[in-house]
Amino acid sequence: MSRLKSNPGFISILASLASIVIGLLFGFILLLVLNAKNAPAGMANMLTNGIKDMGNVLYNAIPLIMVGLSVAFAFKVGCFNIGASGQYTMGAVFALFCALKWQLPWYVCLLAAILGGAVWGMFPGLFKSLFNVNEVITSIMMNWIGMNVSVLWVSNFSQMLAPNPDRTMALDAGNPSAILPKAGLDSLYSYLNIGIIIAVIVAVIMWVIIAKTTFGYELRACGLNKNGAIYAGINAKRNVVLSMVIAGALAGLGGGLYYLTGGGQFKLEKEILPMGFNGISVALLANSHPIGCIFSAIFISYLKLGGIAMQSQGYATEATDIVTAVIIYLAAFSLLLRLTIIKFFGKEKKEVAKQ
Amino acid sequence: MTAPAWGSIINLTIAFAVPLLLVALGGMYSERSGIINIALDGIMIIGALVSCLVLRAMSNAGWGKTLLSSQFGLLIAVVVAGVSGMVFSLLLAFAAINLKADQTIGGTALNIFAPAFSVVIAWAVQGKGLTDIEIPKWATLGYKDLGISGDVKADFLPNLFKSFHITVPIAIILLAVAWFVLYRTRFGLRLRACGEHPQAADSVGINVYRMRYSGVMISGFLGGVGGLAYVLVAGTSFGGDVAGYGFLALAVMIFGNWNPGRILFSALFFALFKVVATQHALFPFLPNFKGLKEVSCLYNLIPYIFTLVLLIFTSKKSRAPKAEGIPYDKGMR
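Chains as they are written, first to last, in my numbering: chain S, 815 to 1169; chain L, 189 to 521.
It is possible that some hints are incorrect.
No more than 25 Å apart at the CA atoms, straight line, and that leaves these computed lysine-lysine pairs for DSS-like [what the hints assert, rightly or not]:
no., chain 1, residue 1, chain 2, residue 2
1, L, Lys478, S, Lys915
2, S, Lys1040, L, Lys316
3, S, Lys1051, L, Lys510
4, L, Lys478, S, Lys1081
5, S, Lys1084, L, Lys478
6, S, Lys1040, L, Lys478
7, L, Lys510, S, Lys1040
8, S, Lys851, L, Lys316
9, L, Lys518, S, Lys1157
10, L, Lys288, L, Lys518
11, S, Lys866, S, Lys996
12, L, Lys341, S, Lys1051
Covered stretches of chain S (chain L as the covering partner; in silico rule of three or more C-beta atoms under 8 Å from a C-beta of chain L) [claimed, not checked]:
no., region
13, 842–856
14, 864–875
15, 935–946
16, 959–969
17, 1132–1139
Since the hints were made in silico from the structure, they are not lab data. Virtual Cβ for every residue (Gly too), placed ideally from N, Cα, C.
This is chain S alone, in the form it adopts within the complex (with noise of 0.2 Å):
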C-alpha cells in the first residue's frame, strides 16, 4: 500500500477521480440552483442512463479516444494541439470522399482519412518548427481553413450529397463497401464495428511508441525541456513536427472511424466541429496517458448520453459540458491537487508529483 501510495500512476488516476467528483458535485449544485425539485432526478438520469445502452456509449467513444491520443500524444512533446477538430473534419471528409466518389473499401479510406488529418496536423508542427510560430494560433486558424473547405469540398461534389444537400448521402445507399465490418458487435448497438477496437489498438500502439521506444522518449524529452533534448543532441525540431503529424493523423483517423458507418452522415454545418474541444477533456482527464484515454473517453461519451436523458427532467443536454468544463478547469492546475494528494497522504513527497 505504501507503495502504492508513491506510484505517480495511481496518484494522477486520483487526482482525475478527484477532480471528476469534484465536477459532477459542481453540476449537481447548479442543477439545485435552477430546479431543486428535479435536480435529483435529472442528476440520476446523468449518471445512469448511460448503463442500458453500453454499445452506443462504446460507438460515440470511438472518435473521443482518438482526438483524446492527438491531444495527448501533442502533449507529450509539449504541443498544444487545439486543431484536433479540423484534422478529424479532414480526416472525416477524405474517407468520405474516397468512399462515395472514387467507391473505395472502407481500409482504402481509413488510410485517406489519416493522410488527411496528417496533413492538416503537419502545418502547425512545420510553422512551430521552421518560423518558430506558436501551434495554438496556427492551429486555430487551420481548424476555419479545415471547416471551409469541408463545405466548399463536400458540396461541389454532387456524388457525395444525399437527397437533402446539407448533409452527405448515408453510406448504406452509396457504397455499403465504405462502412466498416461490424464482427458482430452490432448485437450491442447497431452501428457498433469494429471502430472500437482499432481505437483500442492504437492506443496501445501510443503507449508502447511512448514509453517503451527511442523515438518516444526523444518526444518525451523535447516536452519537458526543449533546451536540454537539443543539448543531448535530439532532433527536436523534427521531432516537433513529426508529433502533430502524428497527432493529425490520430484526429483524421477518429473522424474516419466515426463516419464510416451506415447511418454516419456528416452535416455540412459552417461551425468548428466540438470534437477537437472534447479531445482536449478526454486527454487533460487521462493525464495525457494513450491507455488512460480509453477509460477517460468512454467516461465522457457516457456523460454525454447521460445529459440526453436529463431533458425529460427539463435540463439541456449542454449540462454535461458544464461538468466537462469544471473537470478541465480542475485539470489546468492538477499539479496543485496531485500535490495536496499527497498531503492527504502524510508524505511529502514533491518528486513523485513532479514525475
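Given the structure of chain S, go ahead and fit chain L onto it with the hints provided.
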C-alpha cells in the same frame, strides 16, 4: 458600383469590425500583461448571454418605446455585458495568476463552459427547448431614427446608416482609450513591463499579480461588450454561441501585432472579407465562380490564409509580449 452598394458595404464592414475590434483589444490588454487569453470566445458568450437576458427583461418591462429609453437601456446592457465578462474572466485570472496553471488549458475550460452554461440558463429562464434569446427590435436604429432622409434604393447615406448600434461609437471611444492608456499612462507602461519582463517589473516595485489581474479583467470587460456587439449585428436572437468570433479576434490581435492602431486596421480587413464572403453580390467586379457552390466558403478562407502567411513573415520581428503564457513565480530567476 453604385452609391447604395458602397453605403451597404461600409455599413456591414463597420458592423462586423466592431465586435472584432473590441474583443481583439481585450486580448491585447491581457497578453500585454503576460496572460494568454484564449477564453475570449467564452467571455463573449457570457457577456452576450447576461446582457441579452437584461435586454429581454427590459423589453418585458416595457422599455424602448422612446429613442431615449431604448438607447439608455442599451447602454445599461453594454455595461452589464462588460461587467459579466469581467467577472467570468476572473476564473481565468485566478487559475493563471494565483494557481500558476496552464493558461491555454484554463482558457479552454472556460470556452467549453460558456456555451453550455448559456444554453442551460436560457432553458431555465425561458422554458424547455427555448435556447434562443430574442433581441428587442429597439436595440437597432434605422437611418430614419437618426434623422437621415433619402431613398434607400438610390442614396449613399441611408444605406450607410441602415442599421446603427450604440456599440459603434463606444468601440471608437474604447479604441482611443486603449491607445492612450497603453502608451501615455503609467499604468500602461507597467502593464507592458509585466508582459515583457515581469521579474524586472517586480524589482522596481510593481505588483505583477495586480497588473496581470487588471490586464485579464479589462480584457474580460472588452470581451463581454464585444459579445453583445456581435449579437446585435449577427441576427435577431442569441443562441448560445458567437460563431467563433473570439478565436477570430485572436487572429485579428496577432494580425494587428498587439498594437491598437493596427488592430483597428486588421479588424476592418477581417470584417471586409466577412462581408465579401456573405454578400458577394454587392461586389460586381469580383469573380463569381459560376457553377461552384458555397463560394462564400472560398472567400471566408482568405483572411485565415492571409494570417498564416503573415505569421511566417512577421515571426522574426513579432511584437508578441515576451513573457506571455509564462506564469510569474516570484522565486524564479
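Inset, instruction - Against the structure, test the hints numbered earlier, and report the numbers of the ones violated in rising order. - result: 2, 6, 12, 14
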